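Use these hints to put chain P onto chain A, whose structure you have.
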Amino acid sequence: MSVTRVSNSQTFSLLTDRAGQLEVQIRELQDQVSSGIRFSHPEDDPAGAVQVVRIRGSLDALAQYKSSSSFGTDVLGAQDKALGEADNLLTRAEEIATQQAQGLITPEQRVAAAEEVHGILQGLTALGNTEFAGRRLFSGLALDTPTAPFTDPDAPGYNPATAYTGSTQQFFVKTGGATTERVRVSTRGDTVFTNALVGVKALEDTLRTNGDVAGTLPGLKTAHATISDERASVGARQTQLVDRGTQVAGLTTRQQANLADVQDTDVVAVISQLVQAQTALQTTLQAGGRLVQLSVATVLGI
Amino acid sequence: MALSPVLSLAQRALLANEAALEVVGNNISNVNTPGYSRQVPEFESNAPAIDASGQFLGTGVRIARVSQVVDPLLLRRLLGATSDKAAQGALSDRLGEVAGALNDLQQPSLASAVSGFFDAADALARNPSGVAERLALLGRAGTVVSELNRRSAAIADQQRGIDDRIGNALDEGNAALKDIARLNIAIVDGELNGQRANDLRDERQRALQKLAAVLPLHTVEDDSGSVAVYAANGLTLVSQGSVVNTLATRTGTAGLDGGPLTDLGFKDAAGNFLVVAGGYPSGEAAGLVSARDTFLPAHSTALDTFANAFRDQVNTVQQAGVDLDGNSTALVPMFGGSGAGGITLLLDSNVDPNAPRKIAAALTTQPGDNQNVLALADLRTASVAALGNVSFGTYIAAEQGKVGEDASRADDAAKASAALADQLENQRQSISGVNLNEELTNLIKYQRAFQAASQVIRIADSLLQTLVNVVQ
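Here the protein sequences come in this chain order: A and P.
By our numbering, the letter at position 205 of the first sequence is numbered 205, and the numbering carries on one by one without gaps.
By our numbering, the letter at position 15 of the second sequence is numbered 15, and the numbering carries on one by one without gaps.
There could be a bad hint or two in this list.
Claimed, not checked - Now the stretches of chain A that chain P is said to cover, found in silico as 3 or more residues with beta-carbon under 8 Å: (1) 32-41; (2) 46-56; (3) 251-262; (4) 276-290.
As the list claims (entries may be wrong) - Chain P regions said to be covered by chain A (calculated; three or more residues, Cβ under 8 Å): (5) 99-112; (6) 423-431; (7) 435-448.
Unchecked claim - Pairwise CB distance ranges, derived in the manner of DEER restraints: (8) A/A232 / P/L331: 26 to 34 Å; (9) A/A47 / P/A298: 35 to 43 Å; (10) A/D31 / P/P34: 45 to 53 Å; (11) A/A47 / P/S29: 47 to 55 Å; (12) A/D243 / P/P353: 40 to 48 Å; (13) P/S383 / A/Q247: 20 to 28 Å; (14) P/N437 / A/V275: 32 to 40 Å; (15) P/D348 / A/D243: 39 to 47 Å; (16) P/T301 / A/D31: 47 to 55 Å.
Hints were generated in silico from the structure; no laboratory data involved.
These numbers were taken from a predicted model, which means no experiment stands behind them.
C-beta: ideal position from N, C-alpha, C; glycine also.
Isolated chain A, as found in the complex:
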C-alpha cells in the first residue's frame, strides 16, 4: 500500500525514531572503541561467544601448561646442578682412589685421604638432601619435610646402602590436556646416590683400614656412570620441557590472535562507522529542522 499523505505525527515519529536509532548505534560504536571489544553479550554474536569462551578456556589451560613446564625446567635445572656437583665429587673420589692405589703412601697421607673422602661422602649426602624452594629435590619433591631423606654419615650405625629413607614416589608435571602429556621431574635419591655413597664409603673404610684401594675403583666408576646417566636423563627431560614451553608459547600466541580476530574491535572500521553515524544524525536533525519550517503557517505568515 503506497503512502499518499503524511501526517505530522509520522513526520516527527520518523525523525525521533531515526535519530534514536542513530544515537543507539553511536553509543554502541563508542563502547566498541573505548573497550576495544566488538561484543560483550552472547546475543550480539552467538557463534563468536562460543569461540571466545573456548579460546579463553584454552588460554587458561595453556598458561598452566606453561607454568608447569617452567616449574619442571627449574626443578630439573636444580637437579642437573646438584648432579653436576656430585659428578665432580665422584671424580675427585676416583682421583684419590687412583692415587692411593699407586706408589708408596704414608699412614698420615692415608688418614688425610680418608678425611677428604669422608668429606666427599658428606658432600654427596648433602647433595642428596638438597632443597629447592623448600622441597626435597631427590625425595619426591616433598615440601617442608623435616627429616632429611639421606641419613647423616656420622650417625651411629650408618649404612650407605640403606641411608635413603625418602619418598620413592615419582613426580610428574602436566604439560598438556591429554593424560599422557606429563613429564617426570623427580629423580629418586636412592637410585642416583646410593651407588655413590656405597662406593665412597667403601673407599673411606678401605683407606682407614689400609685395605685394597684399587678394589674400590670399579664401584666408584659404576656410581659415576649412574650419576652421568641420570644427568643425561635430566637434561633430556629439561629439553623436552623447554621445547614444550616454546610450543605452548606459540600456541598461546596463535590462540590470542584467534581471540583478537573474534572479539577485538576493528578500530579503523568502527571509527569510520562512528563518523558515518554522527554525520547521519547531524543530517537527520537538520532535515528535521527544515521539515518543521515547511508549513503553510510559515508561508502565509499566520
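Chain P only, in chain A's frame:
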C-alpha cells in the same frame, strides 16, 4: 425575489462553515493524540425550494455528518500485528535478561570460575602438599559453587518475575475488556441519531489495541456500532455492554523456585475457571509463557546437568585418594547437594580449618605424591559422558552459544514483528493521522467560506435597507 431566504441560506452557510472550523480545530488540537483519527465534515446541499416564480432554487448547505477517516481492515490487521509484536517483544526482553544473567563473556562467569578451579588444581599438582595451594583450590571450588547458585537463583527469579508480569498483563487486559464494554454502550447511545461517535470509537480502538497487546482477538461490529470481542479460540470476551469472560489465572505447577506458577485461562460470569486450548497463542501473555515454561527451564536444566556432572567427576577423583595426613578420602567428597541451586562445597575452609588438608592430592602416603591431583587437573579436558561426551569447557561454550542464539533469534523476530506493526501504524497514520498543513488549508477554506457567507448577509441587509428607504 424574497430576501428572507437569502438571509436564511447565508445563515446556514455560516453555521455549516463554523462547524467545519470546529472540526478542523479539533483535528489540530489532537495532532499529537495517540490513536486519534482525523475527522472531516461532510457538506451536503439542502433540498431546493420552489420560489414564487416557480423556480427550483437552492437553500444552501448543511453538514450531514462528521466522519472519521479510517480503514477498518487496516485496523483489524493492526490488532493482529500488535499481538505479534507484544509476544515477540516480551520473549526477546526476557531472553535478553537470561543472556545477561548467563553471560560468560563478562565477569563473574561460570567459564572463568571453572577454569580457575582447574588452574588451582594444576597449581596444587605442582606442589601437592602446599597448604596455600590447597586453600586456593577450595576457594576456587567455592567460586564455582557460588556462580552455579547465583545463576540458578537468577533464572528462578526471572521465572518468578515473568509469572508476576503475566498476572499484571492479564489485569491490564481485563481493564481493557471493561473499557470496551463501557464504550460499546456509550457508542450505541451516541449513535442512535445516526451520527458517529468518532472520539468514542477512537477510545474503543485504543482499548482494543491494549487488549490485543495481551492476547490476540477477533472483533465483529454489529449495526448498532457495538463490537463483540472474541479470543483466538472463539471464546466470547465482550458482547454488547457486557464482559462475558475475563482473562484469569489459577495455581499451576511448581516453578524453579519451588513456588507455584500460574496457569492461564478465562473465567466466566459464574467464576468458573475455563481452560480453553489456544486461548493465548500470541500477545504478551504468550511471549511470557514461552519464556517462562520453555526457555528458562531448558537453561536451568542445562545448568543442573553441568552442576551434577561437575560434582560427580570431582568427587570421584577426590574420593579415590588420600589426604595430606595420609587418610583415605573415600568418604570425604568435595561437593554435596544437587543441581546448580543445591550444590554445596563440603570442604569449606571457612567452616573446617582442616578442610584444605582433606583434599586428596595423592594416591599414596608417599611424600610429594601428586597423582590424584593430576587426575583432578585432567578433568579440565576430559570428556564427560553426562554432558554428552564433551569437556566442561566445551559444554559451557555450547550453552553460551545456545543462550546467545535464543536471545538473538528472539530479538530478530521481535524486530521483524515490530517493523510490521510499525509499518501498519505508519499506514494508519497516513490515512487517519492529522496533517497540519492540510488542516491549515482547510481552515483558510472554511474561513473564506464563512467570510463569503457573511458578505451575502451584508448585501442582503443592504438590499433590505434600500427597500426600507424606498418605503419611507
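Each hint tested on the structure:
no., hint, verdict
1, 32-41, "holds (count 3)"
2, 46-56, "holds (count 9)"
3, 251-262, "violated (count 0)"
4, 276-290, "violated (count 0)"
5, 99-112, "holds (count 9)"
6, 423-431, "holds (count 5)"
7, 435-448, "holds (count 7)"
8, A/A232 / P/L331: 26 to 34 Å, "violated (45 Å)"
9, A/A47 / P/A298: 35 to 43 Å, "violated (19 Å)"
10, A/D31 / P/P34: 45 to 53 Å, "violated (33 Å)"
11, A/A47 / P/S29: 47 to 55 Å, "holds (53 Å)"
12, A/D243 / P/P353: 40 to 48 Å, "holds (43 Å)"
13, P/S383 / A/Q247: 20 to 28 Å, "holds (23 Å)"
14, P/N437 / A/V275: 32 to 40 Å, "holds (35 Å)"
15, P/D348 / A/D243: 39 to 47 Å, "holds (41 Å)"
16, P/T301 / A/D31: 47 to 55 Å, "violated (33 Å)"
Checked against the numbered hints above, the structure violates hints 3, 4, 8, 9, 10 and 16; every other hint is satisfied.
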